[in-house]
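From just these sequences and the hints, can you work out the full model?
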Amino acid sequence: MASEWKFTIRDLAEKPDLLMPGHRACAGCGPAVTYRQILKAARGPIIATNATGCMEVVTTIYPYTAWRIPYIHTAFENVAANAAGIETALKIMKRKGRLKHDHVDVVAFAGDGGTYDIGIQALSGAAERGHDFLFVLYDNEAYMNTGIQRSGGTPHGAWTTTSPAGRVIPGKPEHKKPIGDIMVAHGIPYVATASPAYWRDLIIKARRGLEVEGPTFLHALTPCPRGWRYDTNKTIEIARLAVETCVFPLWEVIDGEYSLSAPSKAIALKPERRKPVMEYLKVQGRFRHLLTPESEYVIKEIEQVIDERWNLLLKKCGIA
Amino acid sequence: MTVVKQEVLALNGDEAVAYAVKQSDVDVVAAYPITPQTIIVERFSEYVHNGEVDTEFMCVESEHSALTACLTATATGARTFTASASAGLALMHEILYVTSGCRAPVVMAIVNRALSAPINIHGDHADSMVERDACWIQIYVENSQEAYDSTIQAFRIAEHPDILLPAMVMLDAFFLSHTLESVSVLPDETVRKFVGTRKIPLVGSHEGKSVPFKLDPENPVTMGPLDLYDYYFEHKRQQEAAMQRALQTIKQVHDEYGKISGRRYGNGLIDPYRLEDAEIAAICIGSTAGTTKVVVDQLRAKGVKAGLLRLRTYRPLPSQDLAKALENVEAVAVMDRSHSFGAHGGPIFHEVRHVLYDAPTRPQVVNYIYGLGGRDMPQTLIHEIYKDLQQVVKTKRVEKPVQFIGVRE
Chain L
6 MASEWKFTIR DLAEKPDLLM PGHRACAGCG PAVTYRQILK AARGPIIATN ATGCMEVVTT
66 IYPYTAWRIP YIHTAFENVA ANAAGIETAL KIMKRKGRLK HDHVDVVAFA GDGGTYDIGI
126 QALSGAAERG HDFLFVLYDN EAYMNTGIQR SGGTPHGAWT TTSPAGRVIP GKPEHKKPIG
186 DIMVAHGIPY VATASPAYWR DLIIKARRGL EVEGPTFLHA LTPCPRGWRY DTNKTIEIAR
246 LAVETCVFPL WEVIDGEYSL SAPSKAIALK PERRKPVMEY LKVQGRFRHL LTPESEYVIK
306 EIEQVIDERW NLLLKKCGIA
Chain U
18 MTVVKQEVLA LNGDEAVAYA VKQSDVDVVA AYPITPQTII VERFSEYVHN GEVDTEFMCV
78 ESEHSALTAC LTATATGART FTASASAGLA LMHEILYVTS GCRAPVVMAI VNRALSAPIN
138 IHGDHADSMV ERDACWIQIY VENSQEAYDS TIQAFRIAEH PDILLPAMVM LDAFFLSHTL
198 ESVSVLPDET VRKFVGTRKI PLVGSHEGKS VPFKLDPENP VTMGPLDLYD YYFEHKRQQE
258 AAMQRALQTI KQVHDEYGKI SGRRYGNGLI DPYRLEDAEI AAICIGSTAG TTKVVVDQLR
318 AKGVKAGLLR LRTYRPLPSQ DLAKALENVE AVAVMDRSHS FGAHGGPIFH EVRHVLYDAP
378 TRPQVVNYIY GLGGRDMPQT LIHEIYKDLQ QVVKTKRVEK PVQFIGVRE
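Which chain is which? The protein sequence lines are L and U, in order. According to the working numbering, the first sequence is numbered sequentially starting from 6. According to the working numbering, the second sequence is numbered sequentially starting from 18.
Wrong hints could be hidden among the right ones.
Examples of chain L residues lying across from chain U (beta carbon under 7 Å, computed) [said to hold, decoys possible]:
1. Y67
2. I77
3. T79
4. A80
5. N87
6. I123
7. A127
8. G130
9. V189
Please keep in mind that the hints were generated in silico from the structure rather than gathered at the bench. Every value quoted in this text rests on a predicted model; they were computed, and no experiment measured them. We treat Cβ as the ideally placed atom computed from N, Cα and C, and that holds for glycine.
Below, the structure is given as structure tokens:
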């Protein structure tokens, strides 16, 4: 397991941002905050690659770039293959004495579309082959860059432009794909969930993801004011609510062993601390259509699946 | 420079390519065996597993990822190679454009095979013809010897600082890929010296510095950015300029290689056969040229002034060389082993006829679509084509400009 990296908030503040200010993300962008935090965890030379998506578009409009580190984008569905190619090139160049550095970290970023849906093949392949890189899923739960279409990561009942709140079908009929568990099932050495509301936890997990040899997977829930329909000053609040309601528990899997991270463990140990799921739903416009008596059954379905998944997680962590 | 002493090996086209890659100091090979598989990467993986090469071999989960990994490995500073065919190349389509747009000099061998449906794995140029606009250098070879020679040349052409474009070398499925041939191979050290170590040119970074064009933590560059109407067009224009420069580079590299190997294929762009005083000529690409040469010899023996022009480099199109080579020919038959459905003839026909439109003495041009899905192109059919051309010369008119030959109508 990786070394225990100690840092203070002052250390982080003094560390230069690797994603520079001036990029074109929306006000209140959850992914932008998350990227900044993750890159604070860099431990040395690092190369970044991004799938097509919001963060690719807002950080690099030629001739401008917000990236202070080497960066490449190629397409939507293949960011894990980007990382695999980079990592393999670094390995052979080192072997042939053509790499200046002793080690270079590789981090791949993709949104939910580039991970759950079109990107899962390349991700699964790279995980199976065991490339040494950190894959970061910044999950804003829909195709926000193209105009809020539903993805495999969109939660049940949510309004999107392709899962509208219709008279017959109220939002997305399906539930969120358990992507973290899918990655755990690949047998990779490190998988974790994280939230920008719990920045220390997130930065430590990003660091572990970089330090652990082999493919590692970090799933961050990154609220999007445009797509989730809330005021731009509520991003971190909503990210925190997702954890407090167990909609998005924080956990990590090290070499196959599940464990709850502190914020979720506190809830597991004292269930009365858990906030009702409704508190999370009611502050977001994407769930507003569910707040009627006719749609109450959808809320029940949402709560039921969240409870099932939470209880399953507790079992995996040896708590329940 | 004198011709180097060479060993003769019995190799099929696939093995000839694999042997060339083995000698070319390639850092990363990424490949996937989509239907249909070729032997190229099988042979190459044997070299890897037997410790005969110092190369990272990535067995990726799709052709899409194969080319992606080659692209980003190249961007990191490695020399890379992949091989594909048919459906695999079609799946790479998106990344073909990304590779040339990122100016990543990846080298790829294509075993030309038909596109599905109906599913078919035999010789047909449809797979690479649809990629002619992707800004990849395209070299079509006549035999396994040329497949070996061209693969080595392709690294030098693609990586040339004036070019920085990916290159594909095409060989016909089965006719070449699975047919044993005597292939002369250069000594390892000769090839190693010829291809050299990959040189990375300097570019201006966003920080205003001159930095190596690669993903280097000491000199960060951003590759593959969003690029809208204010710059995209200039970048595409630069790609076209590099393509045009490649005409010269392909000739130079071909000539330099010719001096050490003793083998030349025309001037590297076009490969004419008994064309100097020809009245009628056929144009084709790939292995059909071999059969056509036999027919030309037979016709010449009977006093018919027949010739052949094999188009070796299809991208960039050597339009001036084509026009010059055909200026005194009266009738030309363009043979296409693929078809552009709904168009007026096949892709090579479009371009050759287009080039000849500006010729001072414009020859008559007829198109023959032949051999789709690996249908054999025997001497008898090629004789029919030359017979048609003789008729065109006599009547001075083309009855039917686009014809399908060797097919049940």
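These are the hints, each one checked on the structure:
Evaluation of the Y67/L hint against chain U yields a held restraint, the C-beta minimum of about 4 Å falling below 7 Å. Restraint check, I77/L versus chain U: the minimum CB separation of about 4 Å is within 7 Å; hint holds. A cut of 7 Å between beta carbons decides the hint on T79/L: the least distance to chain U is about 5 Å, and the hint holds. Checking A80/L against chain U by beta carbon gives a least distance of about 6 Å; that is within 7 Å, so the hint holds.
Restraint check, N87/L versus chain U: the minimum CB separation of about 5 Å is within 7 Å; hint holds. Hint status for I123/L relative to chain U: violated, with the closest Cβ pair at about 10 Å, above 7 Å. For A127/L, the shortest C-beta to C-beta distance to chain U is roughly 5 Å, which falls under 7 Å, so the interface hint holds. The criterion of a C-beta within 7 Å of any C-beta in chain U is met by G130/L, whose closest approach is roughly 3 Å, and the hint holds.
Hint status for V189/L: violated, given a least beta-carbon distance of 19 Å to chain U, over 7 Å.
Checked against the numbered hints given earlier, this structure breaks hints 6 and 9; the rest are met.
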